[in-house]
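The chain contents come next:
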Amino acid sequence: MSLNLGSLIRTSLLYAALSIVALLVLLPLLFALSLSVQGPTLSPTLLPDFSKLDWSSFQDVFREEPNLTRWIVNSFVVSLAVTLGQLITSALAAYALANIDFPGKPFFFFVFLGSLMIPWESTIIPNYLTITRLGWKDSYQGLIIPFMASGFGVFLLRQHFKAIPRDLYEAAVLDGCSSTRYLWSILVPLSRPALATLAVYTFLNTWNQYYWPLLIIDSPEWRTTQIGITAFRSSEVTIYNLQMASTIIVMLPTLILLVLGQRQLVSGLTAGALKG
Amino acid sequence: MLLKDSVLLDERVTLPIATKRVVSQHQQRKAFGLALLYFSPALLFLIAFTYIPFLRSIWLSFFITNPQGDTVRFNAINYYTRILNLDGSGRTEYLRSMLTTVYFSLLVVPLGIVFALALALLATLNIKAIMFFRTIFTSSIAISVASASVIWALIYSPTTRATQWIIDLLHLNTHSLLQHSSTALFAVAFMTTWTSLGFNFIVTLAGIQAIPKDIYESARIDGASNWQSFRFITLPLLTPTLLFLMLISTIQSFQAFTQFNVLIGNEGPDSATDVFVFAIFTAFWKDNRYGFASAMSVVLFLILLALTSIQYRLLDQRVHYQ
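Note that the protein sequences, when read in sequence, are chains S and L. Residues 80 to 355 in my numbering are what the first sequence spells out, letter by letter. Residues 6 to 327 in my numbering are what the second sequence spells out, letter by letter.
Next up, chain S with everything else stripped away, as it sits in the complex:
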């Protein structure tokens, strides 16, 4: 009896400790939520008045900033296009590196891997000049084309393709399967977890991109969500509820992605961390 009581107290203490820590971790998000439901006040408090929560900011922000919908569309178009593009180019290249024996393979593998050593900051100035000269500022192609391939994606998929037994390939070829069909109808379905990992990781990274769109976007309607909310913040410095509402709205897609694809996200991020 006393043992039971002891373990009951112990368990509830553990829950209390975990809840307090969870609350601390979530504090900035709760702070944002709290400010967003306090109405257009100039002196927000840390805790809202729970008797009159004002959720209208989540509607008003779309009226106050008519471009917000456009920013969300932009971010979706760019993130989906980059994700799809990287999946295709990475899968094709990974297939060549994993399944075809061709002269010079170590060299090309090194070229793909070596691109991970070059930090984004060391390429950004010439890339900016190129995109400007092409007249691609304020355009989807300017936001998408530079990110259509990634050495990380090639490397990740190559590892998975290599893990699939080569006998399968030889058997398929004996049965008259062409190499393209082998990639499409055997390798891709078998590597779905790896492809999902790459997809979730790429989508998240592209959605959260800040530096590049900051450089090549001038007009408000071409902004992505990240540039949009930071610009909105500097133009509407004192409208706290709308600032926080817009921030929460653009966080939702990635938060949903976290809940739905936590496993893929985690494995993608830990693998992605290997690049410099």
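Calculated from the structure, these hints are not laboratory results. All C-beta atoms, glycine included, are put in the ideal place defined by N, C-alpha and C. A hint or two may mislead.
Per the computed footprint, the stretches of chain S lying under chain L, defined by three or more beta-carbons under 8 Å from a beta-carbon of chain L, are [what the hints assert, rightly or not]:
{"#": "1", "segment": "106–114"}
{"#": "2", "segment": "267–275"}
{"#": "3", "segment": "327–336"}
Once you have looked at the hints, place chain L on chain S.
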């Protein structure tokens, strides 16, 4: 056409040796053509947007450029000597901004690891709802640095008074932690720790879970306390993971830009937050000095290369270790 012919040739297995060599060369060409077909899309994009721009950065760093980004005059290594203060002018602002970057990572990295370790230890508790808490601890990986910056800008803002108690406690003569030269860098570092908390947590948790359970079991039988288990089993076996995390966070903190641009937006109080990446941005974006900014980005590349090579060596060790 050629491809079709060679397929036919392949099937004739019993060829004299002399012809065989010719065929195999032919086959090799065929394999190369096929491989090229598959990897050229990725390769072309990487060459166009990674390799060529990188080489062009190096090229530009030796020239004075006009505002359109064309090279105007050869400048030899003058930009490099200027950055590293080897020109004897005594202007050390770029060396100082490198030092600021080092300070910044010295704040971010230890804080990040201590928090991650604490959360990961809590997340190994054997209770029912632990998955729920793990998701909460991971949540910040889904939050962009830009969103986090907008939120933390208000946390540090004098109107919400959320951090007023720290200002009072330290008797600072300022309205916001971000506006005082002695606290601004720390304020940005603390916010950065929060944004990377989810990632650090998940890596540390994976490291702890990889430690075999039977080691703890036998330690308990031998009468080891919880603290002793942590001190003599968890910590030593987790060291490779923590070292790995340390390097990753160092590299990331060297590249941090968004939070500085949103929270501070310029040089900051007494240049206290003028990190190297922000100095590159200033030279590139605000002053349009493309050659000079390129030289700085090459210096950054060399620093990151050094850090990355340490990281790979460490990873090698970790593989041997296990």
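Against the structure, the hints:
1. 106–114: holds (count 5)
2. 267–275: n = 0 at 8 Å, threshold three: violated.
3. 327–336: Holds, because 5 residues of the segment 327–336 of chain S bring their Cβ atoms closer than 8 Å to Cβ atoms of chain L.
Checked against the numbered hints given earlier, the structure breaks only hint 2 and satisfies all the rest.
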